[in-house]
Amino acid sequence: MQSVKPIVGIMMGSQSDWATMKHTKLTLEKLGVPCEAKIISAHRTPSRLVNYVESAKERGILVLIAGAGMAAALPGAVAALTPLPVLGVPMEGKLLGGLDAMLAMAQMPGGIPVGTLAVGKAGAVNSAIL
845 MQSVKPIVGI
855 MMGSQSDWAT
865 MKHTKLTLEK
875 LGVPCEAKII
885 SAHRTPSRLV
895 NYVESAKERG
905 ILVLIAGAGM
915 AAALPGAVAA
925 LTPLPVLGVP
935 MEGKLLGGLD
945 AMLAMAQMPG
955 GIPVGTLAVG
965 KAGAVNSAIL
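Heads up: the sequence shown is residues 845 to 974, going by the working numbering.
These aren't lab readings, by the way, just hints derived from the structure by calculation.
Among the hints, a few may not be true.
Mimicking DSBU-like on lysine-lysine, the simulated pairs with C-alpha atoms at most 30 angstroms apart in a straight line are [said to hold, decoys possible]:
id, residue 1, residue 2
1, K938, K965
2, K965, K882
3, K901, K869
Taking CB as the label site, the calculated pair distances span [stated by the list, open to error]:
id, residue 1, residue 2, range
4, K866, S899, 19 to 27 angstroms
5, P878, N970, 14 to 22 angstroms
6, P927, K882, 13 to 21 angstroms
7, S899, G941, 32 to 40 angstroms
All values reported here derive from a predicted model rather than from experimental measurement.
The C-beta atom is built at its ideal place from N, Cα and C for all residues, glycine as well.
Construct all of the structure, not just a fragment, from the sequences and the given hints.
This is the structure:
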């Protein structure tokens, strides 16, 4: 049996983000959209980030969804490395409830777009629907 190549790449900065980002994967699976999920940190594993993102298009990935909290550098770093569409899902945080992450994703410079979703589970689900 042939395996279906993923067309959506789901990324998150740490294992703790999986509690939220699993809803992206589950929603995509319900919709019949092949996807893959990876833990890749913009801060802790930058070379892995570059390798994954720069090879995404040639591997058949059509869109990248990145979940991140606090400084939320991951979606912007991804968008800077690829012409593919990038959606950002802000993680809920202890200090500002995820507002810090949402603002970091929304305030990208011109030419480095990140489609920013709602904070938390709702954003994770909606990123899959988009």
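Each hint, compared with the structure:
For the proposed pair K938 and K965, the alpha carbon gap of about 15 angstroms is at most 30 angstroms, so the pair holds. Using a Cα cut-off of 30 angstroms, the hinted pair K965 and K882 holds, with the two alpha carbons roughly 18 angstroms apart. About 19 angstroms separates the Cα atoms of K901 and K869, which keeps this hinted pair within 30 angstroms; it holds. Between K866 and S899, the C-beta spacing of about 24 angstroms keeps the proposed range 19 to 27 angstroms intact.
Our hint of 14 to 22 angstroms for P878 and N970 holds, since their Cβ atoms are close to 19 angstroms apart. Distance hint for P927 and K882: a CB-CB separation of about 20 angstroms, consistent with the stated range 13 to 21 angstroms. The beta-carbon spacing between S899 and G941, approximately 35 angstroms, falls within the hinted interval of 32 to 40 angstroms.
Of the numbered hints listed earlier, not one is contradicted by the structure.
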